[in-house]
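The residues making up each chain are set out below.
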Amino acid sequence: MENPNIPVEKFTAKDLTTDQEVRWCPGCGDYSILKQAQTVIPDLGIARENIVIISGIGCSSRFPYYMETYGMHSIHGRATAIASGLKASRPDLSIWIVTGDGDGLSIGGNHTIHLLRRNFDVNVLLFNNEIYGLTKGQYSPTSEEGKVTKSTPMGSVDHPFNPIALCMGADATFVARSMDRDPKHLQSILKRANEHRGASFVEIYQNCNVFNDGAFEVFTEKSSKKNETLFMESGKPLIFGENSDKGIKLDGFTPVVVNLGEGVSANDCWIHDERDRVKAGILSRFFDNPKNPNHLPRPFGVFYVEDRGCYEEKLQQQLTEAKSKKGDGDLDALLRGRETWTIN
Amino acid sequence: MERQNEVLDNVIIKFAGDSGDGMQLTGTQFTNTAALFGNDLSTFPDFPAEIRAPQGTLAGVSGYQLHFGSVEIFTPGDSCDVLVVMNAAALKANLRNLRKGGIIIANTDGFDPKNLRLAGIPEGQNALEDGSLENYRVIKMDVTKMTRAALAESGMGTKEIDRAKNMFVLGFLYWMYNRPMEHTEKFLNEKFGKKPEILKANLDVLRAGYNFAETREEFTTRYKIGPAKMQPGTYRNIMGNQATAMGLIAASRKSGLQLFCGTYPITPASDILHELSRHKNFGVKTFQAEDEIAAICSTIGASFGGSLGVTTSSGPGIALKTEAMGLALMLELPLVIVNVQRGGPSTGLPTKTEQSDLLQAVYGRNGESPIPVIAAATPSDCFHMAYEACRIALTSMTPVILLTDGYIANGAEPWQFPNSSDLAEIKVNFAKASGDGTKFLPYKRDELLSRPWAIPGTKDLEHRIGGLEKQHETGNISYDPANHEFMVRMREAKVDKIADYIPDIVPEVGTNKGKMLVLGWGSTFGAIKSSVLKARAQGYDVSHAHLRYIKPFPKNLGELLYNFEHVLIPELNCGQLIKVIRDKYLIPAKGLNKVQGLPFSAEEIFSKIEETLK
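These protein sequence lines are chains A and B, in that order. Residues 1 to 344 (the working numbering) are what the first sequence spells out, left to right. Residues 1 to 614 (the working numbering) are what the second sequence spells out, left to right.
Because the hints were derived from the structure by calculation, they are not lab data. Be aware that one or more of the hints could be misleading.
[Stated by the list, open to error] The list that follows gives simulated cross-link-like pairs (lysine-lysine, BS3-like), each with its CA atoms no further than 30 Å apart:
hint, chain 1, residue 1, chain 2, residue 2
1, B, Lys114, B, Lys100
2, A, Lys314, A, Lys35
3, B, Lys186, A, Lys326
4, A, Lys323, B, Lys200
5, B, Lys444, A, Lys14
6, A, Lys314, B, Lys194
7, A, Lys291, A, Lys279
8, A, Lys291, A, Lys184
9, B, Lys200, B, Lys224
10, B, Lys186, B, Lys224
11, B, Lys100, A, Lys325
12, A, Lys325, B, Lys114
13, B, Lys191, A, Lys10
[Claimed, not checked] Between beta-carbon pairs, the in silico distance windows are:
hint, chain 1, residue 1, chain 2, residue 2, range
14, A, Asp330, B, Gly539, 18 to 28 Å
15, B, Lys614, A, Asn110, 55 to 65 Å
16, B, Glu50, A, Ile343, 50 to 60 Å
17, A, Asn110, B, Arg137, 50 to 60 Å
18, B, Glu197, A, Phe253, 31 to 41 Å
19, A, Asp330, B, Lys186, 15 to 25 Å
20, B, Arg52, A, Pro293, 34 to 44 Å
Note that the structure is a prediction, hence the values are computed from the model and not measured. Beta carbons: idealized from backbone N, C-alpha and C, even for Gly.
When you get a sec, could you build the whole thing from the sequences and use the hints?
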């Protein structure tokens with residue numbers, strides 16, 4: 001446990017680098033995410049020895065090897081399950097799960113949703129590159145329909161997951177999206193995720209420049225970013241566009257894009273409230289293919305936050321209650337049981 | 001009234017009825033009463049997989065066999081002396097296991113035309129009426145009618161009243177076997193204390209059954225079975241799964257570690273979870289995961305964090321855990337995996353017993369993946385072997401598989417329980433930073449080839465572990481060919497080294513040398529012991545040794561095997577231990593195999609001994 005009276009020993013981003021050579025492909029979006037994490041984590045006030053990074057299998061899952069903290073590079077899809085047990089047994093640790101779209105939504109999809117509903121106080125960073133990179137280029141559960149890959153030469157017939165909507169459906173208590181190409185935004189979201197008490201889910205759009213280059217470029221490139229993205233800030237109107245000239249309004253439950261200035265001001269727009277579950281649900285469905293005409297911009301930032309008790313706290317409370325009611329367990333009394341007989 | 005008191009040294013009673021008739025409860029109550037009286041005993045609950053199988057049918061028959069006596073008892077017995085049947089299906093399913101001349105206690109209401117039809121008995125036939133039971137002593141009574149009469153004034157509905165039928169039978173048997181009713185009265189008081197109406201109904205019916213026997217002159221004989229001459233000491237009754245849970249808690253206490261059990265409900269292992277979840281005041285954390293994989297993975301997480309991690313399951317669940325077991329052995333973290341075996345393959349026979357997961361435990365993973373395997377022999381032995389599993393896991397930083405099975409998991413026996421101070425020490429030293437600036441080596445090994453356990457929260461020991469092959473000592477990822485082979489052999493050598501601190505195998509019955517050795521493992525213990533004792537009494541030169549440590553074997557096993565002309569290995573599978581034994585010791589061992597979802601009878605093993613040695 002952190003002792004509040006002892007100040008946490010300071011460390012820097014450099015202290016977080018390991019002696020292992022980083023082996024992602026040159027140009028991979030993972031480098032940026034690693035850098036932002038190493039930049040943010042020293043400022044969180046957590047002792048380095050209390051940080052644990054757990055990953056599954058996939059390119060993103062090499063992450064722990066590059067962070068001088070405790071870490072486990074586990075098996076495919078199971079980082080969330082391993083982290084659940086670690087957090088349940090050691091609530092004092094700061095646990096970060098690093099996973100990908102295949103690891104966390106395909107083979108490990110089940111554990112992801114259960115971790116979210118249980119609301120362990122951990123941070124899930126899901127690097128979404130909409131492709132299987134480590135196995136060299138098959139479609140993933142987030143690849144768009146029709147995706148031509150090594151395993152789908154005629155195009156994928158799978159309908160993709162919408163990770164944000166999935167997490168909303170699993171009753172996650174912190175749901176956010178960011179991207180590798182916007183370091184400042186990613187840093188601020190990582191900080192918010194850490195501040196949240198409960199399971200924080202952060203989807204990070206990450207470019208795989210080898211097998212799926214440019215999957216998110218419409219959201220990340222200067223030329224299109226402002227028109228295609230919607231950066232949400234709680235308490236502020238939902239405004240986007242090249243000159244911040246477009247906004248989102250709700251027509252009943254239907255979101256519509258409005259042009260500002262034509263008798264519509266920013267104050268007439270939908271004011272983002274990250275504690276509004278219904279509206280977060282609507283925002284999670286801003287998921288149109290940018291190629292479609294009249295599509296909505298893709299939201300980034302915090303969709304939803306909720307305060308709900310954490311699993312590990314409630315479990316610990318039961319132990320405390322059991323001890324106060326029955327007293328600390330007496331092993332000999334347990335072995336003896338309620339009824340015995342003696343043979344002389 | 002003149003009543004005869006006949007003295008017996010042991011009796012086998014089988015309670016059988018519809019799965020809703022409360023036969024398990026009746027059996028358990030009689031068992032506990034016999035145990036408190038000082039009888040030695042062994043039980044065998046045998047129930048259908050369906051929670052409420054169609055009423056009155058053969059599929060719905062639930063049974064509970066109890067063998068108790070004033071002599072030493074090793075098994076629930078082969079054929080029973082007394083068969084209690086609540087309906088026609090129960091009689092049809094169990095009659096072949098009643099010895100000639102045995103007693104049938106039948107609830108006549110369960111033999112009405114509807115019940116006869118449901119049991120698939122041709123029209124016009126009713127064993128209770130047609131003389132086909134002339135080789136047995138049949139006691140007929142309309143339990144339903146008498147229960148209803150006893151509760152006529154209670155104001156309860158017929159459906160509720162009928163639920164107390166089993167108490168009538170229990171009361172009757174208490175009279176027949178001269179048993180006090182206090183234990184059951186106390187039990188009912190605790191169970192129904194908050195529902196006085198139901199409590200009174202159960203007590204009334206229990207007494208009605210007793211009084212019915214007492215007043216009816218036709219019941220001329222009562223039986224007396226004195227206390228058994230067991231080793232002096234204090235005893236309690238224990239079931240296997242309960243013992244496993246207690247062994248785990250004991251190891252947690254003795255090692256000073258928090259016990260974490262990540263698990264997923266599965267028959268017949270769930271009772272371990274139920275038992276553990278009741279003991280939160282021992283600091284036990286149970287986690288009912290979303291599936292078998294999450295169950296073991298959460299446990300690996302807890303183990304990484306410094307808990308004593310345990311996951312419990314049965315065959316199909318173990319299959320799902322396999323990949324994670326490989327991870328645990330690669331991470332070299334302590335972990336206990338309990339497999340309460342059941343009939344397989346696939347879903348198989350969930351409520352029936354089998355020993356067919358031994359090869360899965362020893363070999364069933366990808367890659368060269370040695371994991372220690374141990375097995376419990378009896379219900380109370382589950383305590384000791386669960387404790388041993390933890391001790392080995394913590395001493396050698398390794399996952400350990402503990403095999404039990406449905407037969408001993410649900411079976412009960414008297415147990416001379418230990419004092420906590422008598423249990424072997426389990427020492428755990430978490431790694432601490434050297435303080436001299438030298439780099440921490442997470443895979444540096446001690447004399448047992450075990451690696452240090454450095455848990456998160458320990459300053460200056462930050463390190464990463466994973467499923468990829470690691471470099472010797474540093475634990476860094478390594479693809480070096482020579483290092484891979486070195487590490488594969490290192491992990492094997494580490495498991496082999498466990499033989500240095502486990503006990504030698506000592507024959508349970510007989511001598512270290514001779515004509516025939518019957519070598520068993522797991523729940524066949526009682527049947528083998530009984531049969532070998534019988535054979536020796538008839539002059540056969542035969543001994544019994546029982547393996548509790550299967551990987552690695554005890555160091556002296558080879559020597560023991562070579563001392564016998566014949567080695568017989570009875571197993572409830574098609575021959576699994578025998579493959580490992582032949583492979584390692586190159587001896588022409590013979591198997592005796594049964595795969596029916598049922599335990600061996602002592603007679604089956606005895607016949608094989610006789611056949612070989614005659």
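Structure-based check of all given hints:
1. B/Lys114 to B/Lys100: Since the Cα atoms of B/Lys114 and B/Lys100 sit roughly 28 Å apart, the hinted pair holds (cutoff 30 Å).
2. A/Lys314 to A/Lys35: violated (35 Å)
3. B/Lys186 to A/Lys326: holds (21 Å)
4. A/Lys323 to B/Lys200: Violated, because 34 Å separates the two Cα atoms, which is more than 30 Å.
5. B/Lys444 to A/Lys14: OK: B/Lys444 and A/Lys14 at ~27 Å, within 30 Å.
6. A/Lys314 to B/Lys194: holds (29 Å)
7. A/Lys291 to A/Lys279: holds (24 Å)
8. A/Lys291 to A/Lys184: It holds: about 27 Å lies between the C-alpha atoms, which stays within 30 Å.
9. B/Lys200 to B/Lys224: holds (29 Å)
10. B/Lys186 to B/Lys224: Status holds; Cα separation ~23 Å.
11. B/Lys100 to A/Lys325: Distance ~55 Å between B/Lys100 and A/Lys325 Cα, so the pair is violated.
12. A/Lys325 to B/Lys114: violated (51 Å)
13. B/Lys191 to A/Lys10: violated (58 Å)
14. A/Asp330 to B/Gly539: 18 to 28 Å: violated (50 Å)
15. B/Lys614 to A/Asn110: 55 to 65 Å: For A/Asn110 against B/Lys614, whose Cβ atoms are near 58 Å apart, the range 55 to 65 Å holds.
16. B/Glu50 to A/Ile343: 50 to 60 Å: violated (41 Å)
17. A/Asn110 to B/Arg137: 50 to 60 Å: Hint holds: Cβ distance 58 Å, inside 50 to 60 Å.
18. B/Glu197 to A/Phe253: 31 to 41 Å: At 54 Å between Cβs, range violated.
19. A/Asp330 to B/Lys186: 15 to 25 Å: About 22 Å separates the Cβ atoms of A/Asp330 and B/Lys186, which means 15 to 25 Å holds.
20. B/Arg52 to A/Pro293: 34 to 44 Å: violated (59 Å)
In this structure, the earlier hints numbered 2, 4, 11, 12, 13, 14, 16, 18 and 20 are contradicted, and the remaining ones agree with it.
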